[in-house]
Amino acid sequence: METNGFHDIFHKYFHGLQVVEERHMNMPKTIGKGEIRRWTSFSRMEIVLSNYQFHKNYRIQFASDAAMVELNFCLQGFGEVQVGHSAYELMTGNSYLYFMNDFDVLFEYEKERPLYSLAIGIPVQLFNHFMMNNAIEKSLDFHSILGNQSFKKFQNPIDSITSNLIMRMIEHPQKDRISQLELESKALELLSIHFGRVLLNDCDANKR
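Sequential numbering from 189 applies to the sequence shown in my numbering.
Derived from the structure by calculation, the hints contain no laboratory data. A portion of the hints provided could be inaccurate.
What the hints assert, rightly or not - Below, in silico cross-link-like pairs of lysine-lysine (DSBU-like), each with a Cα-Cα straight-line distance of 35 Å or less:
(1) Lys221 / Lys244
(2) Lys200 / Lys340
(3) Lys340 / Lys221
(4) Lys374 / Lys217
(5) Lys341 / Lys200
(6) Lys340 / Lys244
(7) Lys221 / Lys374
(8) Lys374 / Lys200
(9) Lys244 / Lys200
(10) Lys299 / Lys244
(11) Lys200 / Lys217
(12) Lys341 / Lys221
(13) Lys341 / Lys217
(14) Lys340 / Lys299
Small disclaimer: the values here were computed from a predicted structure and weren't measured.
Assemble the whole structure, with the sequences as input and the hints as a guide.
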């Protein structure tokens, strides 16, 4: 399933942005302005904070045989995405929980429209480990959720609990004052809330 590893998905997106992959990446002035901050945990979790815009309408297109689970928060901006035969819009104030495997994708962004987002990506093995230890009778795993599809999306508005967590998570990286442990713990809390809410029908997830 993860022939090239799920990091391949991020690599191909960054390649489409024409940036050199580092922890702190600046958008090339030839295509836009802004920055991307990236953290990779010991457990291979990817945390990416993006804040950029393009000088002209911009497209990023690629295919990957890798698999991943991603929780994405669109904090500002708009974009159109097509994955296989499925199309949707990235809209401000929404969270997106993605399951993907062996897919092709096209991103389309409008010129001079800022895009501010937080993405948390985890490998399939880590997701299955989390689900194996949940309290429901029938355990969920990546295969049972995705089935024979290459992509599945769950979309929800960002509520106040999530918004407060995100703000605590992103305000310090701007000043380089957040530790890796703090960052990962907040990312895990966001994953826990949204896995519980979307997949496990956990009412308590809305109160954390």
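Against which earlier hints does the structure fall short, listed by number upward? none
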